[in-house]
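J.: The primary structure of each chain is shown beneath.
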Amino acid sequence: MNRSDDTLLLANVSRRGLLKGLVGGSALLLAARWDLALANEQAQFGAGAMPGGWVDNPNVFIQIDSDGLVTIINNRAEMGQGIRTSLAVVAADELGAEWDQVRAQQAEGDQDKYGNQNTDGSRSMRHWYEPMRRAAAAARLMLEQAAANQWDVPVHEVRAEIHKVVHSATGRELGFGGLADAARELDVPGRHALVLKSDSELRFIGKESGLINGELKSAHPKAIDGEDIVTGKAIFGADIDLENTLYAVIARPPVYGAKVKNVDDSEALKVAGVKKVIRIKGASQPAAFNPLGGVAVVASNTWAAMEGRKALKIEWDNAPAGNNADYTSDAYRKSLEKAAQSPGKVIRQSGDVEAALQNAEKRVSATYYMPHMAQATMEPPVAVVMIKNGKAEAWAPVQHPRAAREGIAGMLEMDLDNVTLHQTLLGGGFGRKSKPDFVMEAALVAKAFEGQPIKLQWSREDDIHHAYFHAVSVDHLDAGLDAEGKATSWRHRTLSPSIASLFMPDPKHKGEFELGMGFNTMPFNIPAIRLENPPAPAHVRIGWFRSVYNLPHAWAIQSFAHEMAVAAGKDHRDYVLDLLGPAREIHNLTVGDGWNYGEDPDLHPIDIGRMRRVIERATAEAGWGRKTGKGRGLGLAFHNSFVSYTAIVFDVEVDDKGKLTIHRADIAFDCGPQANPERIRSQMEGSCVMGIGVALQSEVTFKDGVAQQDNFDSYLVPRMPDAPKVVRVHLIDNPNDAMGGVGEPGLPPVAPALCNAIYAATGKRIRRLPVGNQLS
Amino acid sequence: MITLTINGQEHELDVPDSMPLLWAIRDVVGMKGTKFGCGIAQCGACTVHLNGVAIRSCVTPVAAAKGEITTIEAMADDPVGHKVQQAWLDLGVAQCGYCQGGQIMNATALLKRTPAPQTQEIVDAMAGNLCRCGTYNRILAAIERAADTRTVDKEEASS
Numbered sequence: 032m033n034r035s036d037d038t039l040l041l042a043n044v045s046r047r048g049l050l051k052g053l054v055g056g057s058a059l060l061l062a063a064r065w066d067l068a069l070a071n072e073q074a075q076f077g078a079g080a081m082p083g084g085w086v087d088n089p090n091v092f093i094q095i096d097s098d099g100l101v102t103i104i105n106n107r108a109e110m111g112q113g114i115r116t117s118l119a120v121v122a123a124d125e126l127g128a129e130w131d132q133v134r135a136q137q138a139e140g141d142q143d144k145y146g147n148q149n150t151d152g153s154r155s156m157r158h159w160y161e162p163m164r165r166a167a168a169a170a171r172l173m174l175e176q177a178a179a180n181q182w183d184v185p186v187h188e189v190r191a192e193i194h195k196v197v198h199s200a201t202g203r204e205l206g207f208g209g210l211a212d213a214a215r216e217l218d219v220p221g222r223h224a225l226v227l228k229s230d231s232e233l234r235f236i237g238k239e240s241g242l243i244n245g246e247l248k249s250a251h252p253k254a255i256d257g258e259d260i261v262t263g264k265a266i267f268g269a270d271i272d273l274e275n276t277l278y279a280v281i282a283r284p285p286v287y288g289a290k291v292k293n294v295d296d297s298e299a300l301k302v303a304g305v306k307k308v309i310r311i312k313g314a315s316q317p318a319a320f321n322p323l324g325g326v327a328v329v330a331s332n333t334w335a336a337m338e339g340r341k342a343l344k345i346e347w348d349n350a351p352a353g354n355n356a357d358y359t360s361d362a363y364r365k366s367l368e369k370a371a372q373s374p375g376k377v378i379r380q381s382g383d384v385e386a387a388l389q390n391a392e393k394r395v396s397a398t399y400y401m402p403h404m405a406q407a408t409m410e411p412p413v414a415v416v417m418i419k420n421g422k423a424e425a426w427a428p429v430q431h432p433r434a435a436r437e438g439i440a441g442m443l444e445m446d447l448d449n450v451t452l453h454q455t456l457l458g459g460g461f462g463r464k465s466k467p468d469f470v471m472e473a474a475l476v477a478k479a480f481e482g483q484p485i486k487l488q489w490s491r492e493d494d495i496h497h498a499y500f501h502a503v504s505v506d507h508l509d510a511g512l513d514a515e516g517k518a519t520s521w522r523h524r525t526l527s528p529s530i531a532s533l534f535m536p537d538p539k540h541k542g543e544f545e546l547g548m549g550f551n552t553m554p555f556n557i558p559a560i561r562l563e564n565p566p567a568p569a570h571v572r573i574g575w576f577r578s579v580y581n582l583p584h585a586w587a588i589q590s591f592a593h594e595m596a597v598a599a600g601k602d603h604r605d606y607v608l609d610l611l612g613p614a615r616e617i618h619n620l621t622v623g624d625g626w627n628y629g630e631d632p633d634l635h636p637i638d639i640g641r642m643r644r645v646i647e648r649a650t651a652e653a654g655w656g657r658k659t660g661k662g663r664g665l666g667l668a669f670h671n672s673f674v675s676y677t678a679i680v681f682d683v684e685v686d687d688k689g690k691l692t693i694h695r696a697d698i699a700f701d702c703g704p705q706a707n708p709e710r711i712r713s714q715m716e717g718s719c720v721m722g723i724g725v726a727l728q729s730e731v732t733f734k735d736g737v738a739q740q741d742n743f744d745s746y747l748v749p750r751m752p753d754a755p756k757v758v759r760v761h762l763i764d765n766p767n768d769a770m771g772g773v774g775e776p777g778l779p780p781v782a783p784a785l786c787n788a789i790y791a792a793t794g795k796r797i798r799r800l801p802v803g804n805q806l807s
Numbered sequence: 091m092i093t094l095t096i097n098g099q100e101h102e103l104d105v106p107d108s109m110p111l112l113w114a115i116r117d118v119v120g121m122k123g124t125k126f127g128c129g130i131a132q133c134g135a136c137t138v139h140l141n142g143v144a145i146r147s148c149v150t151p152v153a154a155a156k157g158e159i160t161t162i163e164a165m166a167d168d169p170v171g172h173k174v175q176q177a178w179l180d181l182g183v184a185q186c187g188y189c190q191g192g193q194i195m196n197a198t199a200l201l202k203r204t205p206a207p208q209t210q211e212i213v214d215a216m217a218g219n220l221c222r223c224g225t226y227n228r229i230l231a232a233i234e235r236a237a238d239t240r241t242v243d244k245e246e247a248s249s
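Chains as they are written, first to last, in this note's numbering: chain A, 32 to 807; chain B, 91 to 249.
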């Protein structure tokens, strides 16, 4: 690195921070706080608090060829959120590059060089927007300096324009390409020397473009990978094509924690193309990211490996799985519903809830259920690994490259430096590919075939049987209302197995990061509140699923608020606005949340004003209050997560036979400043459709510890006929708050808004997901 | 030996008759644009054309793949396929992109047999192609754009 100065540029700190004087309002203090030699170590919040922190060195992220081609190195996993395009848009705009002269190149998994690469938590843009702009601004300054040197004029006399530097006094100009070699030799300027472009100078950042609510308004910076995708050239995990590759599939224990007792591979070895059958060591519980074990079949092509696997005769030993082998969904749901009747670990409390419930004029109670779900990325897990001369080389679609490298290194007792990871495009992630178990499996097989690449492919059945499942949940709520229907008390008990059970002896209670996803951060202004978390044991691998525990929390809270409005005889929108109370900011610590998605509560408080605004916008756009006719109704829900704010109104119709038609979705979304509105819209549209699956269709059930769904014929996800006829996304123009997440916050309010709409249309209350055939 | 004609080129393959066309295309011929998603004709990621008809290559044995096989790699040279691809780019349809080759193959086959489909015809025809990213509204709009029978705005006006 060629860093000459360690002072952070003032302008890069969030405008919110400066406006509010939260950082002391003094440049000196600011510089001291952000002393770059220590910034990443000291940071408590945001990108700097992540392992590997952030990097803004232009030499790491921006390459300019002598022909002018600009390459932006992308350090985040591209899984459909469009980050390869959006980060390139940010860099290209600040640099002043012609968009058709920009391409993206994927960084290898190397967080020491590229900063944090763990792509989850809807963090990519909010953590990398500023470093990327600084890197691009530094590169622009280096190009200007190179031109000034060549013309022998002071640097302040020259100016970078689009893909060139000009000296207006003499009319001379040089293209970026012609300056690239000289610029590369210069020291990277210190951050104090950087001046970021003003908003009026920007061409792409924050600019609306592309398809807006069904209409193509204007051309937009074309997606970096768009052309490759539509022509079939894009390279996903399974598309890695190395000479001499062998193909492997694994038969895994159907019950979490079970082991192979006996295997008869004689028939499998007779299948044409099958080379070898090997046993794979499984992790003991808790499994963390480690392989589940089983029997691998290695063959000359994927089909032969799958046919070979079918011919295996395996006897499983369920003893090591303990009571996981008794895990049956119906019984488990009943046990959680029973546990929800008793007090649990108190998470947050104010006022005397029990007395308020006793004295209430009217009491509302409900229990909500959300099942296990599998992420079911269209690209099933897959990885290619080759082991040679004590080194491992992996090609894989992973959200967390570092975890994959550490997993291989730990398992094969290699030095981390001897494990290389080449990141491919991800055919969907949704949290599944945060866990690199499939890469580690490939490495275990590859260990038995030194020098030969092994492509380890999961079938769809593997993917659904052995997901890191979205936690099943029961939420029980009680509220007391006074004579006017106003809420006087709110008691919420939430029960779900914890993701922590993957990594430690089952805590049976949700951790801070799980409760912080919309449970203890519940925003309603009610005098008596008690939030409890009774225990719920885990019997399968529980893992992140897009928006994670926000899903059950929003589903329960937003459904229940509607039930309260109905009980009070009030309009739902008016009622929730009243529950929220006036616009104000709530510090997360005051509601017992010390997590806040890893962000600074001073920059990202729970902002009731922003919540009110998305509700008001979505309802206004949807024509809230209009007459809908028989069998048709509007439903509302809202939620803040990943430090962004979403409200949705659905317009649905249910016919006499129970057939549901979703006429329209109106989504209002506030993520603060928008880097690439075009991709924000696409994320909202996609979240809406995925959320419809959560509401209507998707469920994995277990019987005796074995997943009962196999493929897309039994694990249902939305198809085109299930999508709303129209999805309209209304982005809130809010440049003054700190940037929030985009990939996940669109999802949580979908299921409750849809179920509230179903109630409005039919009077039928849904308390158990998925809706399935409950309407017929 | 089995002879497959893929995008106008003949390939001699030494594979069992029962091998699904998908794996012959991907693992043996080595063309990667056709994707594996489910293996049981439920998701459409593996869609190719056999004599102009969209089929699921994951359940089609190579022995049954007699005639002209066309894959996503050849769509840029197909007048309808190219129009569909362009509409996909214009409207920014793709998110992760994994299913989109299959979507484009199915949409192209639809437009070849029904050049100006009604909205409901498109929805019915595309129901077998899953997209987990949820790009359906843009896929629909792109097919209507490629067919030049835009009904998206009509729908909006009627709701």
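Source of the hints: derived by calculation from the structure; they are not laboratory data. Computed from a predicted structure; not experimentally measured. Please note that a few of the clues may not be correct.
To be verified - Computed cross-link-like contacts, SDA-like style, restricted to lysine to any residue with a CA-CA straight-line distance of at most 25 Å:
id, chain 1, residue 1, chain 2, residue 2
1, B, 173, A, 247
2, B, 173, A, 398
3, A, 341, B, 172
4, A, 341, B, 158
5, A, 307, B, 104
6, A, 341, B, 153
7, A, 248, B, 172
8, A, 344, B, 166
9, A, 253, B, 166
10, A, 601, A, 533
11, A, 248, B, 107
12, A, 756, B, 206
13, A, 690, B, 104
14, B, 202, A, 598
15, A, 756, B, 209
16, A, 341, B, 209
17, A, 264, B, 158
18, A, 369, A, 347
J.: Look at each hint and say if it fits the structure.
T.: Going down the list of hints, with the structure as the test:
no. : hint          : result
1   : B:173 x A:247 : holds, 16 Å
2   : B:173 x A:398 : violated, 51 Å
3   : A:341 x B:172 : violated, 40 Å
4   : A:341 x B:158 : violated, 31 Å
5   : A:307 x B:104 : holds, 20 Å
6   : A:341 x B:153 : holds, 21 Å
7   : A:248 x B:172 : holds, 22 Å
8   : A:344 x B:166 : violated, 46 Å
9   : A:253 x B:166 : holds, 18 Å
10  : A:601 x A:533 : violated, 44 Å
11  : A:248 x B:107 : violated, 51 Å
12  : A:756 x B:206 : holds, 19 Å
13  : A:690 x B:104 : violated, 50 Å
14  : B:202 x A:598 : violated, 55 Å
15  : A:756 x B:209 : holds, 10 Å
16  : A:341 x B:209 : violated, 42 Å
17  : A:264 x B:158 : holds, 21 Å
18  : A:369 x A:347 : violated, 33 Å
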